[in-house]
Amino acid sequence: MAEASTIARPYAQAVFDLATGSKKLSEWSKQLDTLSAIVNDNQISGLIANPSVESEQLVDLLINIAKDNLDQEGKNLVKVLAENDRLSVISEIATIFEELKDEAEKTVQAEVISAYELKNDQKSKLQAALKKRLGCEVEITSRVDKDLLGGAIIRAGDMIIDGSVTAQLDRLTSELSH
Amino acid sequence: MQLNPAEISELIKQKIQNFDATTEARTEGTVVSLTDGIARVHGLSDVMSGEMLEFPGNIYGLALNLERDSVGAVILGDYQGITEGDSVKCTGRILEVPVGPELMGRVVDSLGNPIDGKGPVKTSMSSAIEKIAPGVIARQSVDEPVQTGLKAIDAMVPIGRGQRELIIGDRQTGKTAVAIDAIINQKGKGVKCIYVAIGQKASSVASVVRKLEEHGALDHTIIVSAAASDSAAMQYIAPYAGCTMGEYFRDRGEDALIVYDDLTKQAWAYRQVSLLLRRPPGREAYPGDVFYLHSRLLERASRVNAEYVENFTDGKVKGKTGSLTALPIIETQGGDVSAFVPTNVISITDGQIFLETDLFNSGIRPAINAGLSVSRVGGAAQTKIIKKLGGGVRLDLAQYRELAAFAQFASDLDESTRKQIERGQRVTELMKQKQYSPLSIAEMGLSLFAANEGFLDDVPVEKIVDFEEAMHSFANSNSADLMKEINESGGYSDDIAGKLRGTIEKFKSTSTW
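Sequence lines, in order, name chains A and B. Each residue of the first sequence is one higher than the last, beginning at 1 in our numbering. Each residue of the second sequence is one higher than the last, beginning at 1 in our numbering.
Read the hints as simulated data drawn from the structure, not as lab findings. All C-beta atoms in this analysis are idealised placements derived from N, C-alpha and C, irrespective of residue type, glycine included. Among these hints, one or two may not hold up.
[As the list claims (entries may be wrong)] Capping the alpha-carbon separation at 25 Å, the derived lysine-lysine pairs in BS3-like fashion look like this:
hint	chain 1	residue 1	chain 2	residue 2
1	A	75	A	101
2	A	23	A	106
3	B	89	A	146
4	B	484	A	132
5	B	89	A	131
6	A	106	A	24
[Unchecked claim] Listing some non-contacts, in silico: residues in chain A with all C-beta distances to chain B over 10 Å:
hint	residue
7	3
8	82
9	158
[What the hints assert, rightly or not] Partner residues are not named here, just some residues of chain A that face chain B (Cβ under 7 Å, in silico):
hint	residue
10	6
11	7
12	10
13	29
14	59
15	162
16	165
17	172
18	176
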């Protein structure tokens, strides 16, 4: 079986093209967010996986839960996905859509994991440094992990810049043991 | 408690002082699935094909399949501890093994880690295992011999330095024995040897190591072992790792000999890896690139010219050619040389030594089939004396094969046919040779001369082996000067022929056997 993200890519691309055409990127982003939140719910995902539930029923259910959060095109997407039996990949579609959106807006999501809470001026310094390094706007989300002891890890997509004390200690360990 | 030499406080101090505490930037991915040593990794957008990947716990993998959303990697070594969701780092390096003369006399695995319990290998260099073979300009034709010390091979299917000569035969026909004899005979001749054991029993590898040690041949030999219990990935890369170690010598103007024992098992291991990576199977379920698997490996065995060596070493080594001779081994099933892998390797190599079960069982050892064994380039490299005298032996055997069927009607045959049959029987007998007892050029020349000149015709067939042995020891003690001269020059002239004749006549008239 092909991977979920491979299946999701053409859907995400289609949604993205549609959204850029009608200039409704942020609306779509919200809709996909809602949908993936719904689909990730344990009860709903159980229903999607259940072969005895008809796809029409699923569509009705999803649209009813989402209510006003979906416009007509959003509802149509749900119908198309249900028809093709691909409702389970909605969250991947949302992820890829966000990536495409970031790429188009030249922004990158970066996660900063630090040992201590970041101060605001540290954040803006990091943001400026990352902007210079990656060549595009950076949106920073931060998280605290005491296990790092000190320093921080920056994660932007696949790239990881590891400046944590634990990583340095690990490398010192392997250096000394050779 | 044993103290490790690396724990001297001065050294530790230095290491800590020089420790590079900068942050590292890398790309990372996560393991999505892990089946039979194949990991699917999500992420790793910058990974190169053939790059080493680092899994947690100092385990390395090799990126083989680069797909849109995932990377298929084989794990080199033990994959028991790896779990789904583990992070995988790019190392930015193509798979490398340590190389250098420090590996001599050691047994290492496919990654160059010592497995003989003799402590760490202190190499200073490492080199990529997958390299492109030298091009047309860098090459030189084969014109120096590799003496295997086996009469049957050196006389009939000679091997030159830089040649690829296939050793093919069923199980239990003495394929490994031929290769080991060739390695033992390189002692003191300056040819470095590499023995790559692929998919063999660990006990077989251990006995090869012991035999080489007993005959003093381990000091010029590197043994790369990927035993049957090692992962398929390790068995698949073992020949490339060994080849890289051999290329180190070739590129520095030295001569090296590499034995791949055997490539059938490597093809099996590669088939396993490919099928698990979901590459489409072809004939005999091998993947489409199984020909390239062997052709790119064997193409790296070559003779390179002095200019190439000079360029490679930045002018440090001048006027020396380098060579890497390959002796790949292929095991056939029931003598079937038309199976997929045997035909591939036969077409790639510069000739083959064909070993047969029937011959082996009838006591002709090495069990070389003289009719089917050929060497396409070795003739140009043969020592002069062996070339001159070996031709007759080959002809005698060819004629004998045609007439052998009539041997049982001996009484009804005409004189010349009977003589040919008798000569053939004696030459066949003469080509027998014990294991681990390689002959020098002079001894070989003496035996061939005796056969050519008919000195064996009055010796009973069953006494030929004893006769030869006695003749060698007689010549070594009574005509030491002549033997030394032949060994050093390898030439052949009327003068030498006369002296050989004299020696044999004297031996026949004075000695018993």
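Structure-based check of each hint:
no.	hint	result
1	A:75 <-> A:101	holds (21 Å)
2	A:23 <-> A:106	holds (16 Å)
3	B:89 <-> A:146	holds (23 Å)
4	B:484 <-> A:132	violated (75 Å)
5	B:89 <-> A:131	holds (24 Å)
6	A:106 <-> A:24	holds (17 Å)
7	3	violated (5 Å)
8	82	holds (23 Å)
9	158	violated (4 Å)
10	6	holds (5 Å)
11	7	violated (10 Å)
12	10	violated (12 Å)
13	29	violated (21 Å)
14	59	violated (27 Å)
15	162	holds (5 Å)
16	165	violated (10 Å)
17	172	holds (6 Å)
18	176	holds (6 Å)
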